[in-house]
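Participant: In order, the protein sequences belong to chains A and B.
If you want the numbering used here, it's the 1-based position in the first sequence plus 57.
If you want the numbering used here, it's the 1-based position in the second sequence plus 246.
I should point out that these hints are in silico values taken from the structure, not numbers from a laboratory.
Note that beta-carbon positions come from the ideal geometry of N, C-alpha and C, so glycine has one too.
Treat the hints with caution; some may be incorrect.
Far from chain B, by Cβ distances over 10 Å, these chain A residues were calculated [what the hints assert, rightly or not]:
#, residue
1, 73
2, 74
3, 77
4, 80
5, 186
6, 208
7, 304
8, 325
9, 452
10, 707
11, 774
In silico EDC-like pairs for lysine to aspartate or glutamate, Cα to Cα no more than 20 Å straight-line [stated by the list, open to error]:
#, chain 1, residue 1, chain 2, residue 2
12, B, 315, A, 68
13, A, 647, A, 705
14, B, 315, A, 69
15, B, 315, B, 359
16, A, 162, A, 797
17, A, 162, A, 561
18, B, 315, A, 66
19, A, 162, A, 175
20, A, 690, A, 720
Some chain A residues near chain B, calculated using beta-carbon distances under 7 Å [to be verified]:
#, residue
21, 76
22, 78
23, 672
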Amino acid sequence: MFGRRSQDDFEDEIRSHLALEAERLRRRGMSPPDAERAARRAFGNIGVAEDRFYQAQRFSWLQDAGRDVRHAWRALRRHPVFLLTTVGTLALAMGAVTGMSSVVKAVLFEPLPFPAPDRLVSVSGVSPGSDLPERFDPGAEFYLQYKERSALIDGIFTGQRGSSTFRTGDRVERIEMAWPSNDMYSTLGVRPAIGRLPVPEDGDAAVLISDQLWSSWFGRDSSVIGKSFFVSDSMKQVIGIMPPDFRFPSDNTMLWISGEVRSEDIRLGRFDRPVFARLKAGVTPGQLANELTRIAREVPERFGGTPAFGRIVQNHRAFVEPVLDRMVGPAVRTSLWLLLGSVSVVLLIACANVANLFLVRAEGRARDMALRRAIGATRSRLVRLQLAESALVAMAGGVLAIVISRVSLPLFLHAAPEGIPRLAVTGIDAWAIITTLGVAMLVALTCGLVPALRASAPDLRRLRDGGRGATGGRRWGRDLLVIGQTALALVLLIGSALLMQSFDRLRRVDPGYQTANLYTFQFAPDQPALNDGPARRWGELHSNVMDRLRALPGVSAVGAVNNLPLDESTPSARVQIERDGAEVEGPLIKANFSGGDYFTAVGVELLQGRVFTRDELQVPHSNVVVSRSAALKLWPGRDAIGQRLRPEFDRRQSWFTVVGVVDDVKQEDWRGAGDVNVYFGLIGSSDSSWSMSSPAYVVKSSRAEALREEVRAIVHSVAPEAPVYREYTLDYLARRSMIELSFTMLTLGVVSALALLLGAIGLYGVLSYVVAERTREIGVRMALGATAKAVRRQVVSQGVRVVLVGVAIGLGAAASSTHLMQALLYGISAVDPLVFATMAAVMVLIGVAASYLPARRASGVDPMVSLRND
Amino acid sequence: MPTRSDANERDSLLQGTLDLLILRILELGPHHGHGITIAILARSGETLIVDHGSLYPALQRLEQRGWIKGDWGTSENNRRARFYSLTASGRRRFALETSRWNRLVDSIARVMEPGPTPEKA
Numbered sequence: 058m059f060g061r062r063s064q065d066d067f068e069d070e071i072r073s074h075l076a077l078e079a080e081r082l083r084r085r086g087m088s089p090p091d092a093e094r095a096a097r098r099a100f101g102n103i104g105v106a107e108d109r110f111y112q113a114q115r116f117s118w119l120q121d122a123g124r125d126v127r128h129a130w131r132a133l134r135r136h137p138v139f140l141l142t143t144v145g146t147l148a149l150a151m152g153a154v155t156g157m158s159s160v161v162k163a164v165l166f167e168p169l170p171f172p173a174p175d176r177l178v179s180v181s182g183v184s185p186g187s188d189l190p191e192r193f194d195p196g197a198e199f200y201l202q203y204k205e206r207s208a209l210i211d212g213i214f215t216g217q218r219g220s221s222t223f224r225t226g227d228r229v230e231r232i233e234m235a236w237p238s239n240d241m242y243s244t245l246g247v248r249p250a251i252g253r254l255p256v257p258e259d260g261d262a263a264v265l266i267s268d269q270l271w272s273s274w275f276g277r278d279s280s281v282i283g284k285s286f287f288v289s290d291s292m293k294q295v296i297g298i299m300p301p302d303f304r305f306p307s308d309n310t311m312l313w314i315s316g317e318v319r320s321e322d323i324r325l326g327r328f329d330r331p332v333f334a335r336l337k338a339g340v341t342p343g344q345l346a347n348e349l350t351r352i353a354r355e356v357p358e359r360f361g362g363t364p365a366f367g368r369i370v371q372n373h374r375a376f377v378e379p380v381l382d383r384m385v386g387p388a389v390r391t392s393l394w395l396l397l398g399s400v401s402v403v404l405l406i407a408c409a410n411v412a413n414l415f416l417v418r419a420e421g422r423a424r425d426m427a428l429r430r431a432i433g434a435t436r437s438r439l440v441r442l443q444l445a446e447s448a449l450v451a452m453a454g455g456v457l458a459i460v461i462s463r464v465s466l467p468l469f470l471h472a473a474p475e476g477i478p479r480l481a482v483t484g485i486d487a488w489a490i491i492t493t494l495g496v497a498m499l500v501a502l503t504c505g506l507v508p509a510l511r512a513s514a515p516d517l518r519r520l521r522d523g524g525r526g527a528t529g530g531r532r533w534g535r536d537l538l539v540i541g542q543t544a545l546a547l548v549l550l551i552g553s554a555l556l557m558q559s560f561d562r563l564r565r566v567d568p569g570y571q572t573a574n575l576y577t578f579q580f581a582p583d584q585p586a587l588n589d590g591p592a593r594r595w596g597e598l599h600s601n602v603m604d605r606l607r608a609l610p611g612v613s614a615v616g617a618v619n620n621l622p623l624d625e626s627t628p629s630a631r632v633q634i635e636r637d638g639a640e641v642e643g644p645l646i647k648a649n650f651s652g653g654d655y656f657t658a659v660g661v662e663l664l665q666g667r668v669f670t671r672d673e674l675q676v677p678h679s680n681v682v683v684s685r686s687a688a689l690k691l692w693p694g695r696d697a698i699g700q701r702l703r704p705e706f707d708r709r710q711s712w713f714t715v716v717g718v719v720d721d722v723k724q725e726d727w728r729g730a731g732d733v734n735v736y737f738g739l740i741g742s743s744d745s746s747w748s749m750s751s752p753a754y755v756v757k758s759s760r761a762e763a764l765r766e767e768v769r770a771i772v773h774s775v776a777p778e779a780p781v782y783r784e785y786t787l788d789y790l791a792r793r794s795m796i797e798l799s800f801t802m803l804t805l806g807v808v809s810a811l812a813l814l815l816g817a818i819g820l821y822g823v824l825s826y827v828v829a830e831r832t833r834e835i836g837v838r839m840a841l842g843a844t845a846k847a848v849r850r851q852v853v854s855q856g857v858r859v860v861l862v863g864v865a866i867g868l869g870a871a872a873s874s875t876h877l878m879q880a881l882l883y884g885i886s887a888v889d890p891l892v893f894a895t896m897a898a899v900m901v902l903i904g905v906a907a908s909y910l911p912a913r914r915a916s917g918v919d920p921m922v923s924l925r926n927d
Numbered sequence: 247m248p249t250r251s252d253a254n255e256r257d258s259l260l261q262g263t264l265d266l267l268i269l270r271i272l273e274l275g276p277h278h279g280h281g282i283t284i285a286i287l288a289r290s291g292e293t294l295i296v297d298h299g300s301l302y303p304a305l306q307r308l309e310q311r312g313w314i315k316g317d318w319g320t321s322e323n324n325r326r327a328r329f330y331s332l333t334a335s336g337r338r339r340f341a342l343e344t345s346r347w348n349r350l351v352d353s354i355a356r357v358m359e360p361g362p363t364p365e366k367a
C-alpha cells in the first residue's frame, strides 16, 4: 500500500498552495505582501489543518505522545483536587513499595562481595529425635572430616565470632572479632589489602584488622603492620589489613585472629562451629548435602566418641544452604517479605482507588467523548488521550515516590531492629528508580485503560440523553474495584491483628524472672595481670566488684552470670550423669555460670535446696544448681538434690553435685519451652574461657536507670584500664528480644491502617458518585412518597452489599495466606476465628460508615430541585 | 441537546458534498489542491468557496481510502505542487456517488414541486 505521508511533506503542500494562491492574487493586481497575507487569510487556520492532518496520520509516535501529554496536562490542571488526590495516593503507596523493595533487595538478594558468591554455602546439621536444636552447627570434628574427605568442594572453613578486648597503648575497648580457621581467606576468595595472609606457623598469634579499625584506631598508618597489640587474652601481631568491603561474618567484625583446627584439640560432640564451604563449579547444594551426610557417618569411627554421639551422627543429615540464607534468619526473611507484600497490597488498593477516580472522571466526560467521536476523532486517539492522563499522573506519582522513599528510608532503617544484617548497604539505587518508574507505567496502564476504553466506546445514546444513563455494566466495574479493595484491606487487617495478638501474648509470657529495676553491665579486666592463680584472682575480683556494688545506696541485690537470659545465646554442653549409681550419657544442657545473689537479684524462685554461698563465689568448688526442667530431664522421678553430673567441658573431668533446684526461666527465647539450665558457680570450673572471662553483672536497684556513672567509677577503681560495655537495663534487653516482632507489628499496623483508610475512601467515592448519578431518580422516588429513611437505608445497603462480598473474599484470601507469617506468630493460630471475625466486623462497620455520608446526602435531595436539574 | 446533533449532520453533509466535488474535478484530469479550489469556484459560478482548512484533510481522507492518489509534480507556472488524480476505484466511487447525488436531487426536487401530496400509491 501507500506509505504514510510525513508532516514535512504536508507542510510543503500547504506552502505550495499558499504560493499558488498568492501568485493568482498578484496576477489580479495585488501587491506581493498583500497577496501573501490574503492567501494566508483565505486558507484559514493553518494550525487547524495541520492538526487535522496529524490526527488522521499519526505519523510520529513520539511527537504524538508529546501532544497527548500536553493535552492531558491541560486537562488535568483544570482539576487540581483530582490531580493531587491521585498523584498523592500513588506517590505514598509506590514510595512505600520502593523503599521496602530496596530493603528486601539489599538484605536478601544483594550478592555477597566475594568472587562467585553463589557457590558459597553454609553447612549445618539436622538430627530429628536428638536433643540438639532443630538446626545445629557441626563440630570441629565434622569440619576436619569434610575438609579431608569431600570431593565436591573448593574450600571449607570454620570459625567463631564474639567480642573481646583490644588494647593499643592507653586505649582499651571491647570490640567484635572472629576466630576463623586460616582457610577462610582462600575459601571466600579474599586477600588483605595490605600485608599477608596467616600461615600455620602463626598459630593464634597473628591478626588481620578491618579497614574500619585501621582508620579509627591507627589513622590509616601502614606502619601498624608488624606491631603487636593486646588482643583477646594475649599479645598478637598485626599481619594485614582487610579491604573496606570485607565484612564477615558481621558488619561490625573488626579483627580476625589466625588459627587452625587441629585434631588433637577437638573435643567431640560440641556442635558449636559454623562451617562454610565453596562448592565446586556445577555442584548443587543438594549433592553436597548428600556427600557430607555420607562422609559424616565415618566421624565416630575416626574420632571415637560416646554411644550417644554415635547415634546422633548416624541419624544426622547435613543441611547445605546459601551463606546468604544463613546470615539472614527465617524471622527476618519472613518479616521483610511480609512488609513488602503488605505495601504491595496497599499499592494495589491505591491503584484501585485511582482507577476508580478515573472511572468517575470518565463518566463525567462521557458526553464530551461521545461528541468528539461523532465529529470524527478515532477511538484509539481518545484512548491515547486518556492513557496520557493516567500516565502523567502515574509518572508524577512515581517521581514523587522516589523522593518520598529517599527521605523515609533512612528513618525506616533507623527504626529497624539491630539484628538485621546487611541493612547498612541499603539505598535507593538506579535499580529502584527504574523499577519504580516501570511500576508507574504499569499503574498507568491498569488505572487508565479500562476507563479509557469505556469512555471512548461508541455510545451515541449519551449524546441523546445528555449523559445521564449510567448503565449497570459500568457500575459493576466500580463495584469490583471496591470488592477488591475491601478484600485486600481485610487480609492486611487480619495479618496485623494476628501479629498484635502474638505480641500481646509474648509480652504476657512469664519469663521466670523479673526484668524491672535491674541494671546490667560487663567489663573486661586486664587478664594478663590475673595469670597468676587465675581462679582465685578472678574470684577476688568478682567479690570485690560485687561488694562495692552492693554498698551503693538503693541496691538490694547483686549477682553475676555468664549469659543473661534473652541476651546472647547460652553455650550448650554435654554432660555425663550419675543415675542410680551408674554413669550414663546425659542430654545437652545449657551451661550457665552464676555468682553472687544472681537468683535473688533477677527473682528466680528457689524451689528446693540452696543457691551458692558467698564462699563458693571465691574458691573453686563442685556444686551446681539446676532448673526444674533440668532436674526432670536428668533424673526423672528422683530427687535431684545430691545427684551428680560431669560436664565434658571441665578439663579435670570432676563431678559436680546438685545443691539446689530453681524455677525455669526463658533463657534463649520468649517462645521456647523451659530450657535445661544447669548453673555452675562462676568459679566452678577450670575452663576459664567459659566461666570467668567477663560475666554480666546484675544490680537490683530502684535507681537502675541511673547507675551508669557510679558503676563505671567502681569498675575504674578495681580495674583501672578495663573497658565497661553492654550497659543496659534488663527491661531494655527484654524489649529488644521482641523488637523484631514489635517492629514488624508496628510497620504492618501502619500499613494496614493505610489500607483501611484507602478502602474506606474508595467505597465512599463510589457511593457518592452513585448517589450523585441517581439524584434525579431519588428525587422522583421521594416525590412519589419514599421517606428519607428508606432512601438512606437503600443507599447504605447498596454499599454494605458490596462490602460483604469483599469481606467474604478477603476472609478466604486471609485464611489461605496467613500461614506464610507463621514464623512470626506466637500462641495464636494463623486462622484464629476470633481475629478473623472481629476484623471482618470492623471492615463491615467501616463500610457502613463510608456509605452513611452519601446516604445522608441522598436523603437530603429536594425532589423539585432534582427534577429541574437539567 | 438538539443543536449539537444538527451541527453534526451539517458537518457530515458538507463533508460528503466536498468529497463528491473533489472527485468530480479530478475526473476531468489531475489537479493540485489550489487548482481544485479554483476549479470549484469557477464551475460553481464563483459561489462555492472551499474552506482550504477542510480541503486538505478531505484530500487526505480520499487518498487514504484509495480513491485518489497524489504525486509531486511541477505546476503550469513552474512551481512544485502535489497533483492528485483519480484511481480506478475512485472512478467507480465517483460513478456511484454521482447516481446517488442525482437521485437525491431528483427526490428533493419532487418534494419541492408545487401542488398537493399525491394519494398513497
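Participant: Give a verdict on every hint.
Facilitator: Hint by hint, here is what the structure shows:
no., hint, result
1, 73, "violated (5 Å)"
2, 74, "violated (5 Å)"
3, 77, "violated (4 Å)"
4, 80, "violated (7 Å)"
5, 186, "holds (81 Å)"
6, 208, "holds (73 Å)"
7, 304, "holds (66 Å)"
8, 325, "holds (89 Å)"
9, 452, "holds (33 Å)"
10, 707, "holds (98 Å)"
11, 774, "holds (97 Å)"
12, 315(B) <-> 68(A), "holds (17 Å)"
13, 647(A) <-> 705(A), "holds (12 Å)"
14, 315(B) <-> 69(A), "holds (17 Å)"
15, 315(B) <-> 359(B), "violated (41 Å)"
16, 162(A) <-> 797(A), "holds (19 Å)"
17, 162(A) <-> 561(A), "violated (31 Å)"
18, 315(B) <-> 66(A), "holds (14 Å)"
19, 162(A) <-> 175(A), "holds (15 Å)"
20, 690(A) <-> 720(A), "holds (14 Å)"
21, 76, "holds (6 Å)"
22, 78, "holds (6 Å)"
23, 672, "violated (106 Å)"
In this structure, the earlier hints numbered 1, 2, 3, 4, 15, 17, 23 are contradicted, and the remaining ones agree with it.
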